[in-house]
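Asks: Sequence:
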Amino acid sequence: MSSPIRPRFPAFRAALATALAALCLLGSGAASAALFEDDEARRAILELRQRVEAQRLASERDAEAQRQEISQMRRSLLELQTQIETLRGDIARMHGQNEQLLRELAEVQRRQKDIATGVDERLRKVEPSRVSMDGKEFIADPNEARDFEAALAIFRKGEFPQAQSSFADFIKRYPQSGFRPTALFWLGNSQYANRDYRGAIANFRALLAQAPDHPRAAEAVLSIANCQIELKDMAGARRTLDELIKAYPQSEAAVAARERLSKIR
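The end of the sequence shown is residue 265 by my numbering, with every number in the run present.
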């Protein structure tokens with residue numbers, strides 16, 4: 001019974017050995033393949049870690065550079081602000097200096113003006129000058145012009161007694177003055193206002209005797225007639241008005257004379 005089985009046993013063993021060898025080879029290949037794949041994965045992971053680390057380091061460097069740049073910008077801004085404040089201070093000081101210089105200049109100009117004014121006034125007080133009065137030009141002493149204007153100012157204020165005294169005094173002190181005819185006219189008007197009609201007539205006649213062509217001559221003749229009317233000398237007033245119309249026919253005084261004649265005839 002056992003002899004037929006024995007011949008097949010070596011073959012079975014050979015087949016089993018072959019199968020085992022194949023399995024071993026297969027397992028070895030799979031192990032090699034798995035080992036290869038693990039190495040690749042590790043390398044990939046290492047490379048990825050290296051890239052991440054490189055990017056991290058680069059980011060840190062960039063961040064540090066930005067921090068340094070920002071810090072530098074802050075320092076620059078602080079320096080610029082300091083310079084601006086310094087410039088503002090300089091400008092303020094310069095502005096103050098300019099104001100001081102302007103004040104000093106204004107003071108110098110004022111003093112120069114005062115000096116020039118003083119010189120002009122002294123010259124006016126000493127040197128005669130050409131003046132114009134009632135259309136007449138003549139040379140007058142500064143004191144003479146001042147006294148005449150003072151007397152005229154008193155008359156214009158309506159202070160007739162004082163004006164009469166001032167003009168009378170002026171005529172005595174400046175008998176040769178170019179103001180004399182006009183002073184006689186205003187003296188006569190002051191006397192008329194003070195009801196000194198005879199004195200007024202005398203001074204109006206003195207004006208006509210000295211300057212018959214004076215611009216106020218026609219007014220002086222009309223004033224004489226007014227004084228005569230106040231004195232109730234109607235005949236004398238009519239003669240005076242007739243003379244006025246004949247001597248100064250184109251004057252405004254002649255127009256007034258014609259009106260008065262129509263009322264007193």
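Mixed in with the good hints there might be a few duds.
Stated by the list, open to error - Taking CB as the label site, the calculated pair distances span:
hint: 1; residue 1: G96; residue 2: R56; range: 37 to 43 Å
hint: 2; residue 1: R195; residue 2: A153; range: 20 to 26 Å
hint: 3; residue 1: A65; residue 2: Q100; range: 39 to 45 Å
hint: 4; residue 1: F138; residue 2: I264; range: 53 to 59 Å
hint: 5; residue 1: E159; residue 2: S132; range: 52 to 58 Å
hint: 6; residue 1: S76; residue 2: K113; range: 51 to 57 Å
hint: 7; residue 1: P249; residue 2: Q109; range: 56 to 62 Å
hint: 8; residue 1: S132; residue 2: L231; range: 45 to 51 Å
Unchecked claim - When the alpha-carbon atoms are kept at most 16 Å apart in a straight line, the in silico EDC-like pairs for lysine to aspartate or glutamate are as follows:
hint: 9; residue 1: K172; residue 2: D147
hint: 10; residue 1: K263; residue 2: D242
hint: 11; residue 1: K232; residue 2: D213
hint: 12; residue 1: K157; residue 2: D196
hint: 13; residue 1: K263; residue 2: D213
hint: 14; residue 1: K246; residue 2: D196
hint: 15; residue 1: K136; residue 2: D213
hint: 16; residue 1: K246; residue 2: D233
hint: 17; residue 1: K172; residue 2: D196
Because the hints were derived from the structure by calculation, they are not lab data.
Since the model is a prediction, treat every value here as computed from it, not as a measurement.
The beta-carbon is built from N, C-alpha and C at its ideal position, and this holds for glycine as well.
Asks: Find the hints from earlier in the document that the structure breaks and name them by number, from lowest to highest.
Replies: 1, 3, 4, 5, 8, 11, 12, 13, 14, 16, 17
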